[in-house]
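These protein sequences, in sequence, are chains A and B. Note that the numbering used here numbers the first sequence so that position 8 is -10, with each residue one more than the last. Note that the numbering used here numbers the second sequence so that position 362 is 344, with each residue one more than the last.
Keep in mind the hints are simulated off the structure, nothing from the lab. Hints should not be assumed to be uniformly reliable.
When the alpha-carbon atoms are kept at most 27 Å apart in a straight line, the in silico DSS-like pairs for lysine-lysine are as follows [claimed, not checked]:
id: 1; chain 1: A; residue 1: Lys278; chain 2: B; residue 2: Lys278
id: 2; chain 1: A; residue 1: Lys165; chain 2: A; residue 2: Lys141
id: 3; chain 1: A; residue 1: Lys141; chain 2: B; residue 2: Lys300
id: 4; chain 1: A; residue 1: Lys63; chain 2: B; residue 2: Lys300
2 protein chains.
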Amino acid sequence: MSTLTKTFHFEVLHRSTKSNARVGRITTPHGSFLTPTFVGVGTNGVLKSLGHDESMEAGLDLMFANTYHLMVQPGEDVVEKMGGIHRFSGRTRPIITDSGGFQVFSLAYGSVASELKSQGTKKHSNSVQKISEEGVKFRSYRDGRSILLTPETSIGAQKKIGADIMISFDELPPYHISADALKKSFERTHRWEKRSLLFHQAHPTDQALYSVIHGGINPDLRKKSCQILRELDFDGHAVGGSLGKNRDEMIEMLTYTLPCLPQEKPIHLLGIADLPSLHSSIPLGIDSFDSSYPTKAARHGTLLTDNGTLRIISGAYKDDPRPIEEGCSCRACRTVSRSFLHHLFKSSELLGLSLASSHNLYYMIRFMERVRQKILLNEL
Amino acid sequence: MSTLTKTFHFEVLHRSTKSNARVGRITTPHGSFLTPTFVGVGTNGVLKSLGHDESMEAGLDLMFANTYHLMVQPGEDVVEKMGGIHRFSGRTRPIITDSGGFQVFSLAYGSVASELKSQGTKKHSNSVQKISEEGVKFRSYRDGRSILLTPETSIGAQKKIGADIMISFDELPPYHISADALKKSFERTHRWEKRSLLFHQAHPTDQALYSVIHGGINPDLRKKSCQILRELDFDGHAVGGSLGKNRDEMIEMLTYTLPCLPQEKPIHLLGIADLPSLHSSIPLGIDSFDSSYPTKAARHGTLLTDNGTLRIISGAYKDDPRPIEEGCSCRACRTVSRSFLHHLFKSSELLGLSLASSHNLYYMIRFMERVRQKILLNEL
């Protein structure tokens, strides 16, 4: 067992008098940041079409990288050899990795096929070879080798990758599942999370480890999951598993789940950061949100503004000399007009994707700054 | 006729005692720059995957934009309405446009099909409808409308686009052509160039106009072309037409052609800027070179260094912690290792294309800086 003093630290700076929203500060080996915060998704170790120089300058506090993708390419051993994900990628600010389980189980159940399609490959399907108590064995779509993902190998890989925050290995049950199968999955996922923590404690590093709260949209299971996991020495909790089939189900679930979690630890919501969900869930007390939505939407020409989304490919912007959004100081708004950005998209110029991504990322960062200000003023 | 005082000005600052190489200064409405210089190709008004903020910071003196592409998308009227190519695109430094003829005749003869394929569309073929003394009529691959390109409409479009330097409209003959057909093309191209100049003089703007020297690899025709065009009031001369089937033929052609051009006007070589060609042709007295090669090679993972090219996709770079080139201060070398750039290419991350392009552009700019220094020292 470790006697290492952990850098990771969460402090609540202010609780709103109007809701359960709070402003906090998370300290990691790569610096501190304020919460609630938007976590940009850099699947392969970097946000799509945005360099770390750009995303750090824009003020991205925390980046989410995918262990599954990094295990397949370049492999966790290469990342470790290159000095860990920060030195390897050049990002000097905090990074969080997931367990790899989400992607692997998505392959098995096909429930987030759209997420995988965006990787530009069709070779993923049917690559899961075996799921057992030990873990899950899958075939790398890149070189065909078998990879065994277990609580121990997931945390082992995340330690080699070296992010500031890791996430324990869990099982992602499909949305449509029998009550009996859900119960078995529920029990196994908690055994896997305990094994994740044990392995982490047996191989101490200056990294934090979050649990994943499960239970689908069953209030009793969610409460039970919170009871089990809050008793263990996790540094924070992520709300995961099935989040319901729509936003209303998710908000309802969060409403009865969050009060069961300890208030002194940070709470992350996995994979959700669209603006309506943020509006609804920040007052419930979520501290961080990851989503590839803002950058993915940008690559499809959908730009976020305070007046709603703007489809830059629309002919309405062909000769519009204004920036995407007045007053925005992102790279796109500083350097090009709507007219030129429209032209870049019409001409299939890759620069259009970078500039649009830059804007949407910056928008999310500014949005969260304003959220924190409102919480501090008890206006939210 | 115009009495406008032109900003455009070329001054030879030093002639090498060792060769016909020279260092000059070209002044345009958007600033001055030194020659010999590398001209980056921004087909649609911007270099591929590099913003103007990046290319200007890297020190790109002159950018080459393609009139054909801009006429098709967004159309020269939109560029004019947006205040011209500088305000439209955000580049504040000098820009040169071609006449559009090269692309249109490529469609007719298919001789530079590879250039067109790189535009990512197969719809170009057979879009040329008619070639006559007046000009060439083609169908826009984008919206099917007929576009008539003549000396007058080409210069008219280039005036609306508003680059600092324009190029007169010429006919690009195919490489394999009968002597009789070549003679007819040769005569017509000079009539078209004269019409280009007349139209320019009749519609004065503070833009320079270069001629295009023709004659293929026939010394008599090249000399005759120089004789005809040097008598006219062009601001500079571009060597174009068929440049031969290989580098040796081109260098031989340049060797007998360049002495026939006036020494007090700048000389541009159209579409060629690979390093061996630069090494061979700078001592002959060329002042500027445009080519999409450095950025195109970058997108294919071929990086330029003083030790030759480096194929970043090679497994040799998987765990190479060094920058692309020691001592280089481009964005790529400042922010990522060979290892991470290799990973970006293996992961099909668009950022890899931007960073590689940034390096190759910077390399070309640095290369030309060193060339100018050598000329000033009479070492080249």
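Now the hints, each set against the structure:
With a C-alpha separation of about 25 Å, the suggested pair lysine 278 of chain A and lysine 278 of chain B falls inside the 27 Å cut-off, and the hint holds. Between lysine 165 of chain A and lysine 141 of chain A the alpha-carbon distance is near 30 Å, which puts this suggested pair outside the 27 Å criterion. At roughly 20 Å between alpha-carbon atoms, lysine 141 of chain A and lysine 300 of chain B fall within 27 Å of each other, so this suggested pair holds. Taking the CA atoms of lysine 63 of chain A and lysine 300 of chain B, the gap is near 10 Å; set against the 27 Å cutoff, the hint holds.
When each numbered hint is compared with the structure, a violation occurs for hint 2 only.
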